Every structure is written in C-alpha cells, then in structure tokens.
Amino acid sequence: MKNKITYLIITIVAIGIQSGSLLAQKKSSDKCVYTFERLEKRAPWIVSENGAGLVFNNALNYSTVGAYYGLQDGDYRNYNEAGKYQTFGLQTKSYVKSKKVYFYGSFIYDYGVKSNQAWLGTIYPESTLNPILDSIPGKVLREDYILSAKVGYPINDTWSVGGAFDYHTATGAKRSDGRNANTFSHFKASPGITFHKGIVTSGLNFNYQHDVEDVVYSYIGETTGKYIKYMEGLFFMTSSGISSTTTLDRKYNTDIFGGALQLEIGGKKLRLFNQMKVDYNKENDFEDGLIKRYATVDGLKYQYDGLISYRSKKIDHTLALNFVSNEQFSYNVSNIYEEIENEPGWWAFFEYGKTLRYIQTMQQYGAEYKGFLRRGHGLGCSFVGTLGVNYITVEKDFKIYPASYHQDYTNTEVYAKLDKNIRATKNGFVDVNISGNYTIGDGTMLESTNPIVTGSLRLNEEILKRDFAYRTADRANVGFGVKYSHIFNHEKGLTAYLGANYAHQFLVNDGGLDVTLDGVLPGTYRNMVSVQIGLNF
Amino acid sequence: MKNIRVLTLLIISLNLWGCLKDSKMDQFSDDAISSTIAVEVTMPDGYDSYETSNLLVTLNDPSTGLKFSGETDANGVATIKVAPGSYFATAETKHSTGKVMYIFNGTSDKIRVTPKDPKHVEAKVALNVSKSGQLIIAELYYGGCTNPADGKSYTSKDTYIKIYNNSEDVAYLDSLCVGVADPWIALSSGKASPWVKNNSSELRDSVPNSLIGWMFPGTGTDHPLQPGEFTIVCLNGINHTLVCSTSINLAVNGYWAMYDPILTKSQTVPEPGVNLMYGFWKCGTSTAYIVAPQGPAVFLYTMGGKTPAQFVADTYTWKPGASNRNFDCLMVDKNLVIDGVECLRNTTDTKRFRPEIDNGFTMVDGTGTGQAVQRKVDATATLAAGGRIVYQDTNNSSNDFEKKSAPSLK
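Protein sequence lines, in the order shown, are assigned to chains A and B.
Each residue of the first sequence is one higher than the one before, counting from 1 in the numbering used here.
Each residue of the second sequence is one higher than the one before, counting from 1001 in the numbering used here.
Don't read these hints as lab results, they were simulated from the structure.
Keep in mind it's a predicted model, so treat the numbers as computed, not measured.
A virtual CB, placed ideally from N, CA and C, is assigned to each residue, including glycine.
Where hints are given, some of them may not hold.
Residues from chain B that face chain A, not an exhaustive set, calculated with beta carbons under 8 Å [to be verified]:
no., residue
1, 1021
2, 1024
3, 1066
4, 1079
5, 1112
6, 1114
7, 1118
8, 1120
9, 1122
10, 1191
11, 1192
12, 1193
No more than 27 Å apart at the CA atoms, straight line, and that leaves these computed lysine-lysine pairs for BS3-like [claimed, not checked]:
no., chain 1, residue 1, chain 2, residue 2
13, A, 226, B, 1116
14, A, 277, A, 27
15, B, 1021, A, 282
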C-alpha cells in the first residue's frame, strides 16, 4: 500500500513536471512580431528586381491578408487630381519557402471613387506625355487588379536562379461628358541570377515590360460649347469642338527593356547592398484605333538604391540612399493625308518622319536613416526612428519652330517619423506613430523665346500656373497612426491587426508663392485617412 | 581592391545620367526642327507689268493652323523658314485703274516639308485676277444662339445672309443666285476636298453648289438694290424671338426666305410680307434647307444668261466618291461667282473656295454663341463715297471679315 501511494505520488509529480516542461516548451513564434518592413530591410534582396534574390530570405514563411479603406479630401491638389478620392481594397502578400524553392506572391484588388475629377484622360496621372483629355469635372470610378510573383531557386551554394512576374489590369470610367472609358494593362517579366561567394553576393536580371492603355471619349448629352483637348507637353494643347469627325479615342503602347545589377558586400554586422537599374522605354501613341500614330516617346531611366545596414548591440541601423534619373523625349510624328498610290479615291495617313518636340528630365536624390531599437533576439523592436531627405529637380523644354519654352523646378523635402511599439497585454500590442515632413519648392514657371501666336496649338496658362504653384508651394505634412495587433496563436504566429492613420497636409505661409500665383490653388490643405484590417500568419 | 572596383563602377554608372539628353540635343536645334520654303509669285498673263516684289506671302498649314510669312524679293521670291508640316502658300495684292479695282489672289499646291523631305523646298504661287464686286455678302449669321428658356442651342433656324450693294450704281437682285458650297461642313484635319483637279490639291475652276439652287425671281429690274442698301436672305422668315428670346425677328417686310412650299415643306412658312426665293433645283430627299451652323461656304452667283433648266443641265455633276446621287451638285464656274465667304470651324479645316473667290476664312467661336461675322468698313472708301458705307473687299475673308458678339439685326 505504502509503495502504491509512493508510486502514485511520484507519477503525479512526474506528470506535473512534464506538463511544466510542455508549458515551458510552448514558445511564441518570432512571426508574432514580424513586419514586412523589417523583413525587407533585413534582406533587401527580396525587394530587389531580381527574383533569384528570394533565396537570401532567412525568415520564416510569412503572409498577410487584409482589407483597407483610404480617403483623400481637401483642395490642395493639382489640376488633374480629384477633389475627393476614396479607395477600398483587398490585399494579400506572402513570402514562402517550400522545400528548396522560395516564393513571393502579392495580389491587390483596389476600387476607387473620385469626385470632381477633371483634366485626366488616363487612369493614372502623367502616364503619357501626349494625352487626350477634357476639362469638365465629374465622378470617376476605377478598378485595379494587381498581381506580383517571384520565384527563386538555389542551384548550389554559389548560384541561384529566379524570376519575377507582374501583371496589372485596370479600368476607369468618368460619369459625365466628356466620358472617358479607359482600360489599362501592364505586364512585366524579369529573369535573374545571383552569385554568392564569401562576403560578396552579386546578381543580374533583365526585364521586359509592356503597357497598353486605351481611352475612348463619348458625349451623351448636348455637345454645344464642349471641347476635347489634345495635350503635347508643358501644357500645350489643341482643342476641338465635338462633331461626327472629332477624334475621341487614343491608344498608348509602351515597351520597356531593362535590367539591373545587384551587389552586396558584408557580413553579419555590417552590410552594403546596391542595386543599379536601367530601363529604356519606347512609347507609341495612336488615334483612330491604330490608323494614325501621332506621337512617339523615347526615354531612359536610371535608378540606384543602396542600403547600408549595421547591427549594433541594441539597435539595427539602416541608411538607404537612392538616386533616380528619368529622361523622356516626345516626338511629333508628321502625318500627311494622301491618296493611296494606285488606289484612286482612297486616302490614308502616311508617316513622314518625326520631330523632337518636348524633353522632360527629372533627377531625384534621397537619403533615409532608420534605427530599430530591438526587443529581444528576434525581429521585434520597441522603437523605430526615421529621418530622411529628398531632393528633386525637374526640367521641361518644349519647342516648335520658332518658339521655345522652358520650365524648371526643385523640391527639397525633409521628413521624420517615430514608431513606438507597446506591449499592452500578453497577447496584444499597440503601435503608435507620429510623422511630419516639410517641403520647400522653387523654380522658373516659364521662359519663352519667339512664343507661338498662330495656329491651333496653345499654351493653357491656367493649368500651367496651377501645376507650378502646386509643385513649388512650401508645404508641410503632419500625421499620426495607431494599430492594435492581437496574437491568436503564439506558436504559429497568427496575428490580427486593426489600424488607422491620419495625415494633414497644408501650405506654409500660403506656399511662399509669387504674387502672380495668388489664388491659383483652389485650397490650402488636404487630409488623408486610411484604415487597415487584416491577419498575419 | 574589390571595393575600389565596385565603387568605380558605381561612379561611372552615376555619371551616365544625362547622356541620352546630350546625344539628342542636336535634334532639338532650330535647324533640326525647321525647313525652308522658297515661294515664287507670278502675275497672270496680261498683267506682267505689275510688280511681284515686296508682296506678302503667307504659308498656312491647315492641319496645325501654323502660319509663317515673308516678303518677296526683287525677283518675286519669298524665302521662309517653317516648322515641319504641309503648307499652302497664298499671296494677294490689288491695283486699281480708275473705277475698276483688280484683286490678285493666288494659292499654291500643297507644299510638304517633313523630316523625310529636303531641307529646302521650292514652290510657286500663280496669282489669279478678279474684280471687286458690286453686290457683296456683308454679314453671315449662321451659328445660332442659346435659348435661355431651356439652355439648349437654337441653331439652323434663324440663319441669315446680308447682301449689300457696295457700289455707287443701282444693282438688281433679279436672277441672282445664292448657294452653299460642298462639302456642307468643311473637312477637318486638312483632309483633301473631293473637288480638286486630277493629281493636284488645287480646287477645280468651278464651285459645287449643294442641296438646293436658290434664285431671286424677277424679270430683270423687279428688285432693285440702291447703293448703300442691303437685303436679307434667311432660312425661316418668322419672328424667332417668340420662341427664343435671344434670337432675331426675321418676319420683316421685304426680307427673303429660302422657302419653297414643295421643296422645303417641313420648314416654317414665312410670315406675310416676307418674299420667297425661287428654288430652281434640288438634290436629295431632305424637305428642309439648312445652312451648316458649324461653318458654311456661302456664295452669290449668276447663271451667265442661261435659263435655270439650261444651267442645271450644263452644270449637274455627280459628287466624286459619293455613295449615292443625293449628293450631286451644280458646278458653278468661278467666273460666274460674284462673291463668296468661307466660314470654318477650326483653322485646320479644308477650304472650299478657290483663292480668287475667297483667299482666307472667317469663323465664330462655335454653335449657339449668338455670334455673327461681319465685313469691315473701308474707312477710306467710305469717306471718298461721301459717307455711303463702303465695305472692305479684297476677296479674302481673313482680312475682310470680323467676328461680332451679336448679329446686326438684333
């Protein structure tokens, strides 16, 4: 009996100890504190152009699915921006490793409603230098499906191969005369390869991209007094009244050929990642279906992204540098309407060369420091500080003999952000952030020589002034945000979140604009609100 | 060492930016974006004694509306630098001998200067001669207005043409014809007219009168028009202000309406006191006559002594490229045209009149604006005529006409 009791006691204690051990073994996954920003800063290869770079992702499989709502409101906006803009969307994103293959996937469905939208004949502003557009404000509905995917496979310890694929389709429709109906399609494929030896990792990828946008204008109501506009650069445009012969459609076809070089040097504590990307684009613009090519655009874009990472005892420091140079050259195609040879009575447009008409160049320099104050040994951090500066310079030149026009402007922006992560409960934490930026602008609105006085091509001075005022006004932006995350499953890292952000943009000292631009901007502030809800796992 | 190589590569890459712009700047120079046209101006046979030096030559590209001009040198040649395009060169001058004013107008064939053409191109303008007319079109109101009651356009209803005796002698309206040239609305974007000579961009020597042929009735002296007097020819001779307060009262005794109880039976019957024009010919199935509110080419002509039946038989023509016979026209010889005014929608529209009829064009801002085009007063000639209004008449409506915010009858 005594032995039985002893045995029983020993058994109970043993079970208790084991249970305690099991409890002790119920560890919280590091994914509970993952953020995509931290993953991508720690492994910049995974956000590079090179799909093969996915193999350098040492993090656990991590995915998110969620929904969002965004609202922009306020009249500090450019001539081609909506007075009010709401977006609703669903999104999912994932980094996954399966056996030896690394995958990345992202899908976004976005639905947008714009109010009081004018001067936009394409789905996205400034997607072409020679758009058809109209000046009547109206409601615009837009829908986007955006799919991105990458795959990487390590052949051995030295070589990896991979690829990236993007597909984006969008439609848009304006609900008042002139009603433009737009369809947009974007496709990009990028095969790539990486080489790793010692502390050096390098990569090379090529890319091909094809974009197409169709736009057709229609007028349902009375057309008296209504006009359609054809823009050619620097706000020069021709205007046509509406009749049965007016051109109301356009097609913009763009092919982009490019590639990128990546180079990373460093060890565990200090690393330098670089990517140099070059893209050459060729755009052809058509009217009347594909009957008449009226303009063509060549362009060259360089982009450098560098990231220096240093891991100190408590803080992960990152310094990001970037440089962008974008040159675009728009040509006017000479079309002559002639009788087809050997086909009397049949006429068609024939091309007789092209003339360079408009040059637009942009350079952007940026530097951003981010410090992550770590919490524990994983990717969690209690505090993130950001400080950054951007400098942009833009030049535009328009020439039609004997007239020439020039515009230039610069923007210098400084910004800062503080993020604080608070462990509210065992299963929940709160992220709060405050941010602010200040931008000063300067430039020359227009210099001209032998200005055009005849012909149908005219400078739209109203939107020239408004655009220049918008881009060069001194302005500031302050914002804050809060997000609550709740861990449902520590082991699996299953976390739900709900967050909201607010930003208020406003002019400083009325924008510091010249007196000739007084009253040009319809408003002095703009508010931005966003709400997100989702699940990370 | 490796780091130095990497850094060097990065610096080289960064310095490559801007290279494409530098390589394209030669395509942006004035020489690269222009060409030169040398235009030689010549007088018509029999008028060689008149000089062709110091004449203004204008180059106009109808597809873009661009205009360049220059003066002829001692050899009658004007050398002008232009942007790429497809131009028509025009020149004009006038000389008077006693009571007769000779007007010399001319337009070249299309001159193409594109990046694929030679940088220097030569062209000729052979001037044609005509005389300043007795009866002229002094005003055209064709674009209509907007009805404030419903905000809609009130067009193709209250159109009128003011015909004026610009001379010091009595003129007679009997047998004077009023017509509208084809195409009813000018072709856009510089598209060629179907009425050009073979293998040329030059318009034929006759003007195609479309839709209906209208004529003032009478035996020869039934309808005099005194010097300095005018008459009105309208579409609908009613008081339009009763329907649209911003319109005009055309129900005036002595006005003329382009109305025929059979040919235009769907038009409003003119008020008593408004005379009826005689419709001597009609083509097509329409039961109403409309003058294009977007921009007509209106002209006055005679039949050259022929009867209407003979005139129709001699001039009836199938429109080139037309799908059916509803677009046939009467080809009125240019020498029978007394006056013509070309109205366009856009500077890029194709002209319908030969240079000796109208070497330019005029326009209003669009339909429903309530605007009219009126001929300018020649102050010098008016003074010389003892105060009787004499209008400017160079057979070029670009110079002779101006846009007015309201018609003169308002």
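A quick look at each hint next to the structure:
Taken as an interface hint, residue 1021 of chain B checks out: its beta carbon lies about 5 Å from the nearest beta carbon of chain A, inside 8 Å. Contact between residue 1024 of chain B and chain A, as hinted, is supported at the beta carbon level, the nearest pair being about 6 Å apart and thus within 8 Å. Using the Cβ-Cβ criterion of 8 Å, the hint placing residue 1066 of chain B at the interface with chain A is satisfied: the shortest such distance is roughly 4 Å. The interface hint given for residue 1079 of chain B is broken, as the beta carbon of that residue sits about 15 Å from the closest beta carbon of chain A, more than 8 Å.
Annotation: interface hint on residue 1112 of chain B holds; nearest CB of chain A at approximately 6 Å, less than 8 Å. Because the closest C-beta pair between residue 1114 of chain B and chain A is about 3 Å apart, less than 8 Å, the hint holds. Interface restraint check for residue 1118 of chain B: the shortest CB-CB distance to chain A comes to about 12 Å, outside 8 Å, so the restraint is violated. Using the Cβ-Cβ criterion of 8 Å, the hint placing residue 1120 of chain B at the interface with chain A is not satisfied: the shortest such distance is roughly 15 Å.
Against a cut-off of 8 Å between C-beta atoms, the interface hint on residue 1122 of chain B is violated, since the closest Cβ of chain A lies about 18 Å away. Hint status for residue 1191 of chain B: holds, given a least beta-carbon distance of 5 Å to chain A, under 8 Å. Of the supplied interface hints, the one on residue 1192 of chain B holds, with its beta-carbon coming within about 7 Å of a beta-carbon of chain A, less than 8 Å. Among the interface hints, the one on residue 1193 of chain B is violated; its C-beta lies about 11 Å from the nearest C-beta in chain A, farther than the 8 Å criterion.
A hinted pair counts as satisfied when its Cα atoms are at most 27 Å apart, and residue 226 of chain A with residue 1116 of chain B does not qualify at roughly 37 Å. As the CA atoms of residue 277 of chain A and residue 27 of chain A are separated by approximately 42 Å, the hinted pair breaks the 27 Å bound. Under the criterion of a C-alpha separation no larger than 27 Å, the hint pairing residue 1021 of chain B with residue 282 of chain A is consistent with the structure, at around 15 Å.
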